[in-house]
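2 protein chains.
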Amino acid sequence: MSDINISKLDAASADFDRKLQKLLAWNEADDRHIQQTVLDIIADVRTKGDKAVIDYTNRFDQRHISAAGELELPGEILKSAWESLPAEQAQALQIAAKRIRAYAERQKIESWQYTEVDGTLLGQKITPLDRAGLYVPGGKAAYPSSVLMNAVPAKVAGVGELIMVVPAPKGETNQLVLAAAYLAGVDRAFAVGGAQAIAALAYGTETIPAVAKIVGPGNIYVATAKKFVFGRVGIDMIAGPSEILIICDGGTNADWIAMDLFSQAEHDENAQAILISQDESFLKAVEQSIHKLLPQMERARIISASLSARGALIKVNNLNEAVDIANIIAPEHLELSVEDPEILGKNIRHAGAIFMGRYTAEVIGDYCAGPNHVLPTSGTARFSSPLGVYDFQKRSSLINCSQTGAETLGKTASLLARGESLTAHARSAEYRLKA
Amino acid sequence: MSDINISKLDAASADFDRKLQKLLAWNEADDRHIQQTVLDIIADVRTKGDKAVIDYTNRFDQRHISAAGELELPGEILKSAWESLPAEQAQALQIAAKRIRAYAERQKIESWQYTEVDGTLLGQKITPLDRAGLYVPGGKAAYPSSVLMNAVPAKVAGVGELIMVVPAPKGETNQLVLAAAYLAGVDRAFAVGGAQAIAALAYGTETIPAVAKIVGPGNIYVATAKKFVFGRVGIDMIAGPSEILIICDGGTNADWIAMDLFSQAEHDENAQAILISQDESFLKAVEQSIHKLLPQMERARIISASLSARGALIKVNNLNEAVDIANIIAPEHLELSVEDPEILGKNIRHAGAIFMGRYTAEVIGDYCAGPNHVLPTSGTARFSSPLGVYDFQKRSSLINCSQTGAETLGKTASLLARGESLTAHARSAEYRLKA
Chain A
1 MSDINISKLD
11 AASADFDRKL
21 QKLLAWNEAD
31 DRHIQQTVLD
41 IIADVRTKGD
51 KAVIDYTNRF
61 DQRHISAAGE
71 LELPGEILKS
81 AWESLPAEQA
91 QALQIAAKRI
101 RAYAERQKIE
111 SWQYTEVDGT
121 LLGQKITPLD
131 RAGLYVPGGK
141 AAYPSSVLMN
151 AVPAKVAGVG
161 ELIMVVPAPK
171 GETNQLVLAA
181 AYLAGVDRAF
191 AVGGAQAIAA
201 LAYGTETIPA
211 VAKIVGPGNI
221 YVATAKKFVF
231 GRVGIDMIAG
241 PSEILIICDG
251 GTNADWIAMD
261 LFSQAEHDEN
271 AQAILISQDE
281 SFLKAVEQSI
291 HKLLPQMERA
301 RIISASLSAR
311 GALIKVNNLN
321 EAVDIANIIA
331 PEHLELSVED
341 PEILGKNIRH
351 AGAIFMGRYT
361 AEVIGDYCAG
371 PNHVLPTSGT
381 ARFSSPLGVY
391 DFQKRSSLIN
401 CSQTGAETLG
411 KTASLLARGE
421 SLTAHARSAE
431 YRLKA
Chain Y
1 MSDINISKLD
11 AASADFDRKL
21 QKLLAWNEAD
31 DRHIQQTVLD
41 IIADVRTKGD
51 KAVIDYTNRF
61 DQRHISAAGE
71 LELPGEILKS
81 AWESLPAEQA
91 QALQIAAKRI
101 RAYAERQKIE
111 SWQYTEVDGT
121 LLGQKITPLD
131 RAGLYVPGGK
141 AAYPSSVLMN
151 AVPAKVAGVG
161 ELIMVVPAPK
171 GETNQLVLAA
181 AYLAGVDRAF
191 AVGGAQAIAA
201 LAYGTETIPA
211 VAKIVGPGNI
221 YVATAKKFVF
231 GRVGIDMIAG
241 PSEILIICDG
251 GTNADWIAMD
261 LFSQAEHDEN
271 AQAILISQDE
281 SFLKAVEQSI
291 HKLLPQMERA
301 RIISASLSAR
311 GALIKVNNLN
321 EAVDIANIIA
331 PEHLELSVED
341 PEILGKNIRH
351 AGAIFMGRYT
361 AEVIGDYCAG
371 PNHVLPTSGT
381 ARFSSPLGVY
391 DFQKRSSLIN
401 CSQTGAETLG
411 KTASLLARGE
421 SLTAHARSAE
431 YRLKA
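Chains as they are written, first to last, in this note's numbering: chain A, 1 to 435; chain Y, 1 to 435.
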């Protein structure tokens with residue numbers, strides 16, 4: 001018997017809603033000390049530029065950099081990382097990149113315009129960001145898949161220059177990460193991490209160019225820095241712990257479902273893996289699989305901690321009830337491991353990504369299905385979307401009034417402006433009316 | 001001679017870049033006292049619900065509410081505000097709403113999916129927000145046009161329920177605002193404002209339902225509250241002062257251009273109105289128009305303060321140089337008052353909205369052209385977009401692997417997962433491979 005103690009909830013019980021809310025509750029520590037440290041780092045990088053970046057990098061990453069030029073990872077280093085990859089791994093990354101690109105191409109938003117009968121033109125012009133920054137964590141959580149997922153959509157959008165920052169603790173870099181950066185077409189890379197990297201990307205230094213938007217995951221210092229520089233630059237989401245919700249009708253192999261839960265739980269102790277079924281005996285079978293399989297797992301300690309603290313097996317009366325709960329949770333990953341996932345999926349309103357059918361393991365989406373693995377967490381799928389090409393594009397409205405259009409629209413604008421007591425507005429329109 | 005003292009810059013001068021940056025600099029006061037006040041209000045509303053909302057509303061808006069039911073503005077009040085509008089104004093609002101709706105319909109993003117040869121399905125499912133909140137300022141800055149601009153895209157997106165909050169100082173409501181809310185299809189309205197309204201929308205109270213996203217302009221307390229609740233709910237942008245950049249080749253009536261600058265400057269003392277031209281005599285003519293027209297303006301004091309503090313007339317060598325400066329400024333509103341605005345517009349990369357041609361006064365866009373008047377300010381057009389239907393829609397990725405797809409994709413996923421030492425990920429994919 002393993003030491004997992006996973007919560008069991010029944011949607012029919014009187015206090016289910018309260019228990020569900022308690023299970024889902026997640027509050028990122030609001031640490032004043034971290035906030036102050038990050039504010040100091042940002043202020044230093046703004047005023048001292050490269051010098052501050054070098055100082056912090058030497059201190060936090062145990063480096064011995066003396067010249068700013070040493071901050072950059074030259075293109076040849078990325079290229080040689082790619083070229084020295086084992087063929088099998090290179091091929092897998094290529095397959096993944098190709099599929100991510102193919103899906104991203106479909107997301108691209110295009111400019112449009114139309115002309116009204118009086119000759120007035122209205123439209124929406126799409127432009128890519130001039131320059132984007134991609135933060136990649138160093139050390140143990142260095143994921144080449146994340147490099148592809150963040151970089152490929154930026155390149156598909158047509159971002160002018162894509163800058164990657166990745167810390168190199170003690171000077172060590174992750175060859176897979178550098179190889180993925182090469183494959184994805186990262187334009188420049190710097191061996192800098194932490195809040196100092198975010199500050200450098202937001203404000204620019206003599207060596208590191210300022211970007212328009214910063215994407216990519218990082219630790220609490222990185223996330224805090226991203227929040228603080230938001231407004232100066234765009235940022236992607238601030239991610240909470242990763243989560244999966246699996247709805248299963250009981251017809252999938254219990255071992256498969258247990259392993260799907262593990263694949264989420266192995267990320268870290270705060271990850272959340274929840275299974276819902278109307279089939280009580282299936283829930284029991286999955287629990288048995290969990291106990292059976294756990295001892296074989298390399299990351300058993302993390303899986304056990306995560307499932308015990310934040311995992312759950314939820315019994316419902318029927319699958320419609322499961323859908324209702326899914327819409328309350330608004331999960332990052334939703335697996336519909338059921339006979340007819342298309343029908344069940346129709347009523348799902350909130351989820352980052354929906355994995356449909358018994359053969360669609362969530363892990364396929366993590367690496368190579370094509371859709372992005374950067375997804376809204378902690379219920380934010382109620383109002384936000386996966387990272388995509390559209391995050392690297394922006395819109396400008398176009399208005400070109402014909403003389404007739406200025407006449408008819410001008411009268412309406414003038415009337416409404418006077419209703420708001422904005423008389424310069426009104427006169428600006430009135431000047432364009434025929435005498 | 002009026003007391004306007006507008007800056008004159010020459011792009012050919014050595015210190016132009018520095019002067020331009022100084023002109024554009026805008027820092028919202030980072031007031032610790034306001035932040036603490038707002039945090040207290042949010043905490044109170046979270047824990048005490050309606051009671052806190054009533055207390056703050058009575059205190060800040062000089063109301064005498066005793067029961068929570070009094071917070072709501074019943075639908076009949078909105079309807080009767082609409083019905084008692086003068087016909088001319090009702091018609092103008094209807095024209096505006098119809099055009100905003102027509103443009104918004106084109107922005108709507110649609111779901112798509114495709115099936116690969118092995119039967120694997122990939123797609124992107126679009127859903128509207130369940131419920132959105134619209135903040136509308138009370139008192140002097142009560143703009144019915146803003147109600148339309150925020151509410152119509154939400155309704156076009158298919159938002160389930162649209163909740164408006166608007167303060168009613170001393171119990172007074174703005175009839176035009178209520179009429180616009182009725183016209184736009186606002187579902188429920190509450191006479192609550194300030195940080196307490198934002199907190200109520202974010203967390204919900206017994207009376208005011210929690211929403212998924214909050215949009216709309218407000219004062220510094222409202223903006224600060226929106227920043228603090230971001231993450232719990234979505235928010236639109238945090239707007240800085242409004243700005244216009246006009247590029248004119250000298251062929252437009254100088255009075256028209258002066259009035260266009262005024263129409264921006266009359267918003268408030270911090271608004272920014274800048275004119276660029278290659279024609280020095282035209283810049284002088286506009287300056288003369290400014291002095292000539294100012295005394296006739298109802299809001300002369302605000303216009304004068306704004307133009308003196310933050311306005312500028314910029315001389316360039318040619319219009320291409322003007323485009324380069326526009327791309328640095330990334331203006332909220334850009335007027336291309338030139339002979340061939342289509343050609344000049346092609347090289348504009350960053351702008352909230354582009355008004356093309358001599359007949360396209362920016363004010364047309366403020367009220368009734370169709371495109372939204374909620375636009376990115378303070379250079380954020382480098383990375384963000386006008387408010388639109390897409391702000392009330394969100395995406396979910398769809399993945400449905402065929403058994404063959406699970407086989408080929410599973411091998412790639414397994415290999416990449418093992419490269420990242422995530423072995424539960426790998427096994428979850430491997431289970432779906434044929435034995």
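Calculated from the structure, these hints are not laboratory results.
Be aware that a few hints might be false.
Not the full set, but computed from the structure, chain A residues with beta-carbon under 10 Å of chain Y [to be verified]:
{"no.": "1", "residue": "ASN5"}
{"no.": "2", "residue": "SER7"}
{"no.": "3", "residue": "LEU9"}
{"no.": "4", "residue": "ASP10"}
{"no.": "5", "residue": "SER13"}
{"no.": "6", "residue": "ASN270"}
{"no.": "7", "residue": "GLY345"}
{"no.": "8", "residue": "THR360"}
{"no.": "9", "residue": "ALA413"}
{"no.": "10", "residue": "THR423"}
No residue lacks a Cβ here, since even glycine has one placed at the ideal position from N, Cα and C.
Review point. Against which earlier hints does the structure fall short, listed by number upward?
Key: When the structure is compared with the hints, numbers 1, 2, 3, 4, 5, 6 turn out to be violated.
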